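Chemist: Listed below, chain by chain, are the residues.
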Amino acid sequence: MTAAALGKSRIFPLFLGLGTLVAAILLIEILIRIGAINRFIVPMPSEIAESIPRVIVEENVPARFWLTIKEAFWASILVTVVGVGLGALLHRVQLLRLATETWIAALASAPTVLMYPLFLVIFGRNAITIVMMGFVAGLPPVILKTIEGLAGTRRVLVNVGRSFKLTQTQMFWKILFPAAMPTIFVGVRLGLIFALINIVGVEFLINFGGLGQLINELAERYDLAGTYAAICFVILVSVIVFEITERIERWLRPAG
Amino acid sequence: MAETGRLTRSRSAALTMGPVTLLRVAIIVAIVVVWEATARSGLLYRDVVPSLVVIGRAVVGQVLEREFYWHLGWTGVEIGGALVIGGLSGLIVGLVLGGSRLLSSSFESFLYYLGPTPKIIFFPVMIMWFGVGPSSKAALGTISCFFPIALSTAAGMRQIDEILIRVGKSFRANTWQMVTKIYLPAMRHPIINGVRLGLGVAIIGTLLAETKLSNRGIGFLIINSYSTFDMPRMYALLIILFVLAIGANALVSRLGGIENIRRN
Amino acid sequence: MRPIKWLAYAAAIAFSAAPALAQDKVALTIGQRGFWDTAVAHLGIEAGIFKKHNLELDITYTAGSGETLQPVVAGRVDIGIAAGTLGTMSQFLRGAPVRIIGAEATGAADYWYVKASSPIKSLKDTDGKTLGFSTVGSSTNSIVLAFIKEFNLKAKPLSTGNPAATLTAVMTDQVDVGWAAPPLGLQQIEEGQIRVIARATDATIVRGQTIRVIAANAQSLEKRKPVIERFMRAYREAIDYMYSDNPKVFSDYAKFANISEARAKRVREEFFPKALMQTTEIKGLDTLMAEGVGFKQIPAPLTKEQLSELLQIPK
Numbered sequence: 000m001t002a003a004a005l006g007k008s009r010i011f012p013l014f015l016g017l018g019t020l021v022a023a024i025l026l027i028e029i030l031i032r033i034g035a036i037n038r039f040i041v042p043m044p045s046e047i048a049e050s051i052p053r054v055i056v057e058e059n060v061p062a063r064f065w066l067t068i069k070e071a072f073w074a075s076i077l078v079t080v081v082g083v084g085l086g087a088l089l090h091r092v093q094l095l096r097l098a099t100e101t102w103i104a105a106l107a108s109a110p111t112v113l114m115y116p117l118f119l120v121i122f123g124r125n126a127i128t129i130v131m132m133g134f135v136a137g138l139p140p141v142i143l144k145t146i147e148g149l150a151g152t153r154r155v156l157v158n159v160g161r162s163f164k165l166t167q168t169q170m171f172w173k174i175l176f177p178a179a180m181p182t183i184f185v186g187v188r189l190g191l192i193f194a195l196i197n198i199v200g201v202e203f204l205i206n207f208g209g210l211g212q213l214i215n216e217l218a219e220r221y222d223l224a225g226t227y228a229a230i231c232f233v234i235l236v237s238v239i240v241f242e243i244t245e246r247i248e249r250w251l252r253p254a255g
Numbered sequence: 000m001a002e003t004g005r006l007t008r009s010r011s012a013a014l015t016m017g018p019v020t021l022l023r024v025a026i027i028v029a030i031v032v033v034w035e036a037t038a039r040s041g042l043l044y045r046d047v048v049p050s051l052v053v054i055g056r057a058v059v060g061q062v063l064e065r066e067f068y069w070h071l072g073w074t075g076v077e078i079g080g081a082l083v084i085g086g087l088s089g090l091i092v093g094l095v096l097g098g099s100r101l102l103s104s105s106f107e108s109f110l111y112y113l114g115p116t117p118k119i120i121f122f123p124v125m126i127m128w129f130g131v132g133p134s135s136k137a138a139l140g141t142i143s144c145f146f147p148i149a150l151s152t153a154a155g156m157r158q159i160d161e162i163l164i165r166v167g168k169s170f171r172a173n174t175w176q177m178v179t180k181i182y183l184p185a186m187r188h189p190i191i192n193g194v195r196l197g198l199g200v201a202i203i204g205t206l207l208a209e210t211k212l213s214n215r216g217i218g219f220l221i222i223n224s225y226s227t228f229d230m231p232r233m234y235a236l237l238i239i240l241f242v243l244a245i246g247a248n249a250l251v252s253r254l255g256g257i258e259n260i261r262r263n
Numbered sequence: 000m001r002p003i004k005w006l007a008y009a010a011a012i013a014f015s016a017a018p019a020l021a022q023d024k025v026a027l028t029i030g031q032r033g034f035w036d037t038a039v040a041h042l043g044i045e046a047g048i049f050k051k052h053n054l055e056l057d058i059t060y061t062a063g064s065g066e067t068l069q070p071v072v073a074g075r076v077d078i079g080i081a082a083g084t085l086g087t088m089s090q091f092l093r094g095a096p097v098r099i100i101g102a103e104a105t106g107a108a109d110y111w112y113v114k115a116s117s118p119i120k121s122l123k124d125t126d127g128k129t130l131g132f133s134t135v136g137s138s139t140n141s142i143v144l145a146f147i148k149e150f151n152l153k154a155k156p157l158s159t160g161n162p163a164a165t166l167t168a169v170m171t172d173q174v175d176v177g178w179a180a181p182p183l184g185l186q187q188i189e190e191g192q193i194r195v196i197a198r199a200t201d202a203t204i205v206r207g208q209t210i211r212v213i214a215a216n217a218q219s220l221e222k223r224k225p226v227i228e229r230f231m232r233a234y235r236e237a238i239d240y241m242y243s244d245n246p247k248v249f250s251d252y253a254k255f256a257n258i259s260e261a262r263a264k265r266v267r268e269e270f271f272p273k274a275l276m277q278t279t280e281i282k283g284l285d286t287l288m289a290e291g292v293g294f295k296q297i298p299a300p301l302t303k304e305q306l307s308e309l310l311q312i313p314k
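Line by line, the protein sequences give chains W, V and F. Its first residue numbered 0, the first sequence is counted upward by one per residue in numbering that gives the first Met the number 0. Its first residue numbered 0, the second sequence is counted upward by one per residue in numbering that gives the first Met the number 0. Its first residue numbered 0, the third sequence is counted upward by one per residue in numbering that gives the first Met the number 0.
Simulated from the structure, these hints should not be mistaken for lab results. All values derive from a computational prediction rather than experimental measurement. Among the hints, erroneous ones may be present.
Stated by the list, open to error - Taking lysine to any residue and the SDA-like style, the derived pairs with C-alpha atoms no more than 25 Å apart in a straight line are:
hint, chain 1, residue 1, chain 2, residue 2
1, F, 24, V, 129
2, W, 69, F, 282
3, F, 24, F, 295
4, F, 264, F, 246
5, F, 314, F, 280
6, F, 224, W, 40
7, F, 222, V, 128
8, F, 128, W, 121
9, F, 282, F, 261
10, F, 24, F, 44
11, F, 155, F, 292
12, F, 114, W, 127
13, W, 69, F, 265
14, F, 114, W, 125
15, F, 295, W, 61
16, F, 155, W, 62
17, F, 148, W, 57
With the sequences and hints as input, model every part of the structure.
Modeler: See below:
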């Protein structure tokens with residue numbers, strides 16, 4: 000088979016990708032065992048694997064996981080309700096939209112997560128700060144995508160609504176909102192991902208809460224293998240969230 | 000803040016200029032009044048919401064202070080280093096993945112998965128590898144900006160018109176010539192967009208790392224004003240940082256964006 | 000790594016005022032910037048003491064004990080100042096290449112306080128209330144646990160972060176009792192906003208015990224023994240200087256901690272007797288280790304052999 004043909008097959012790339020990963024892990028294991036990599040800096044992959052059950056039990060990973068999920072849940076509820084609400088408002092009141100849309104876009108490119116010390120002072124060192132950080136980070140994409148989605152509703156649909164003499168409210172819930180749904184979800188998904196990144200990040204930075212704090216604590220206790228295991232765990236969580244939301248997004252996207 | 004950052008500007012700017020500007024002024028005035036009223040009411044604990052006069056004075060104080068530029072310089076060096084290393088390696092990886100269907104379907108999903116993980120969690124590892132100095136911050140910035148740049152380069156490469164590639168091949172261009180004469184010019188737009196996104200996350204990664212463990216940089220100044228409870232200074236630093244970050248973002252968009260869109 | 004080093008080098012030339020002299024560089028992490036006991040290195044540099052010993056210090060302040068030790072263990076800095084004694088022991092027991100080269104604080108000046116309007120008058124009134132400490136595993140955490148045990152309290156410990164965050168938490172009723180260490184909170188005490196209800200020395204774990212130490216990386220200690228010994232000599236000299244009549248001590252410290260000179264003086268006179276800062280002996284090890292086992296910070300007291308390997312205090 001040629002390289003092009005191999006690229007088209009489904010199994011071979013998966014095999015190659017995973018195979019390379021396994022080979023890389025084995026190589027690191029060997030390099031550490033022969034002393035080419037300092038084992039006080041990089042623990043052996045086998046040690047990391049070994050530490051996973053211990054970390055899960057001793058460090059209460061299910062409870063931490065649940066805490067982080069709860070924070071992400073509240074942040075995404077806030078982000079969705081406030082973001083879609085504001086987006087709809089800006090869509091309705093064109094003047095307001097013209098005045099503020101560039102501001103929101105600018106805010107989206109500002110490193111808002113650096114405001115965490117400010118939030119610490121305002122809300123204290125607790126879950127509220129973390130949820131609020133997630134909320135602030137996730138809000139701009141939801142607002143912007145909501146406006147984009149509502150503004151992109153096809154004329155035909157709007158005209159159909161008009162011919163049925165729908166009220167403004169009916170128009171919004173029956174025509175505009177369903178039509179804008181896929182685009183809005185793109186925004187909500189982005190918002191959720193940003194929120195999750197910030198939630199775990201702030202947990203790590205302020206040493207409070209769920210999975211982020213776990214990494215900080217294990218690192219400070221010089222539990223090397225545990226630290227790496229916890230990092231793998233966070234990667235796993237983001238892979239799962241990423242994957243699930245992408246499926247929903249694809250499912251919502253209109254065919255063609 | 001990826002895809003949403005770029006926006007359709009108001010179409011009828013000239014017509015609506017009047018009321019829009021008016022409304023903007025009204026919103027700003029309203030915020031100022033509410034803020035100042037809260038600051039003076041004493042309802043919130045001391046200095047959590049300082050008066051705008053105090054914040055303004057702190058901004059001026061920072062801008063006039065020599066030490067501030069020393070810290071800004073270090074942050075700049077860290078971010079610059081991150082962009083050079085992360086950007087170049089991202090570009091190369093993106094070109095390789097974009098050019099080979101086999102490699103892209105084998106390895107690109109790893110990038111997609113690692114892309115949205117919070118990079119700051121790698122900071123303990125970066126400290127162990129690169130120390131407590133600026134290198135570990137630059138390293139965190141590097142892994143932050145690598146992903147968006149690699150992914151948008153790979154995606155951009157696949158969007159290149161087949162005809163351009165065939166033209167290049169018919170001239171018997173070698174790989175280097177293909178990259179510099181065909182691929183890169185045709186992909187300017189996605190690459191610039193990748194750099195824009197990369198810059199954003201590099202700023203975040205570097206500064207967050209500075210707030211965690213550092214003795215220099217803007218992130219260090221922010222966390223330092225927190226631990227000495229100097230709220231006006233913290234507001235001042237955040238304002239300056241936001242202005243710089245938004246400005247840098249706009250600059251990169253301007254550099255590669257506008258004329259390029261027209262060409263497409 | 001080359002390009003970063005190169006860039007850092009270029010930046011060092013561009014931004015540093017003083018050209019690098021042929022001095023021995025020592026990298027330090029120090030827990031919590033601004034306290035009197037963690038200001039030794041800074042004041043010593045300002046007074047030219049470390050320079051006199053041909054030492055150039057590169058200081059990074061951290062948020063607490065764990066963060067101080069982490070770079071030491073990874074060999075990225077030579078010395079960590081104000082690491083928790085028990086935390087250092089526990090890392091040593093895990094095989095981390097760390098040694099203790101001096102005492103940092105014997106006893107502590109930390110205190111616990113309430114809002115002026117609070118009904119709490121002493122620790123005994125804290126049943127069902129929340130007691131703040133910095134972070135899990137820190138010395139303030141051990142002290143709060145010791146309070147609860149020794150005074151038989153039904154209070155709930157709550158991690159509130161550094162003194163600034165804790166003060167806000169107390170003033171906005173997020174926590175009932177907060178902690179601080181001088182000079183933080185002195186202004187609020189003087190203005191009558193807060194009231195002290197307990198001092199760290201009320202707990203036996205603190206009284207006469209060396210709760211924080213100076214830790215060094217084992218490889219650094221082996222390879223650069225003369226430099227580290229010189230550092231300790233300079234460090235002790237800096238402490239002597241801090242307790243001298245030189246007015247520069249107070250003016251430098253006032254500037255460093257962002258307080259008035261009068262308050263700087265009060266911090267030294269009222270809260271930090273010189274004995275607290277002695278470096279030559281780790282005191283009260285037996286009591287400390289027993290408490291550490293009780294709070295599960297270490298699995299068992301260290302054996303004599305382990306202690307003789309861990310404690311390498313230069314004369």
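Chemist: Confirm or reject each hint.
Modeler: Right, here's what the structure says about each hint:
Taking the CA atoms of residue 24 of chain F and residue 129 of chain V, the gap is near 17 Å; set against the 25 Å cutoff, the hint holds. As the CA atoms of residue 69 of chain W and residue 282 of chain F are separated by approximately 45 Å, the hinted pair breaks the 25 Å bound. Pair hint residue 24 of chain F plus residue 295 of chain F does not hold up; C-alpha atoms about 37 Å apart against a cutoff of 25 Å. Our distance criterion of 25 Å between C-alpha atoms is met by residue 264 of chain F and residue 246 of chain F, whose separation comes to about 10 Å.
Taken as a hint, the residue 314 of chain F and residue 280 of chain F pair is honoured in the structure, with Cα atoms around 10 Å apart against an allowance of 25 Å. Only pairs whose Cα atoms come within 25 Å are accepted, and residue 224 of chain F paired with residue 40 of chain W is accepted, the gap being roughly 23 Å. For the given pair, residue 222 of chain F sits about 20 Å from residue 128 of chain V by alpha-carbon distance, which is consistent with the 25 Å threshold. Between residue 128 of chain F and residue 121 of chain W, the direct Cα distance comes to roughly 22 Å. Compliance with the 25 Å bound is thereby established for this hinted pair.
For the suggested pair residue 282 of chain F and residue 261 of chain F, the alpha carbons sit about 32 Å apart, so the restraint of at most 25 Å is broken. Using a Cα cut-off of 25 Å, the hinted pair residue 24 of chain F and residue 44 of chain F holds, with the two alpha carbons roughly 13 Å apart. Using a Cα cut-off of 25 Å, the hinted pair residue 155 of chain F and residue 292 of chain F holds, with the two alpha carbons roughly 21 Å apart. A C-alpha spacing of about 22 Å is found between residue 114 of chain F and residue 127 of chain W, which places the hinted pair at or below 25 Å, so the restraint holds.
As the CA atoms of residue 69 of chain W and residue 265 of chain F are separated by approximately 47 Å, the hinted pair breaks the 25 Å bound. For the hint linking residue 114 of chain F to residue 125 of chain W, the alpha-carbon distance of about 20 Å falls within 25 Å, and the restraint holds. For the suggested pair residue 295 of chain F and residue 61 of chain W, the alpha carbons sit about 22 Å apart, so the restraint of at most 25 Å is met. Taking the CA atoms of residue 155 of chain F and residue 62 of chain W, the gap is near 20 Å; set against the 25 Å cutoff, the hint holds.
For the hint pairing residue 148 of chain F with residue 57 of chain W, the CA-to-CA distance comes to about 24 Å; that is within 25 Å, so the pair holds.
Violation of the numbered hints given earlier is confined to hints 2, 3, 9 and 13; the remaining hints are satisfied by the structure.
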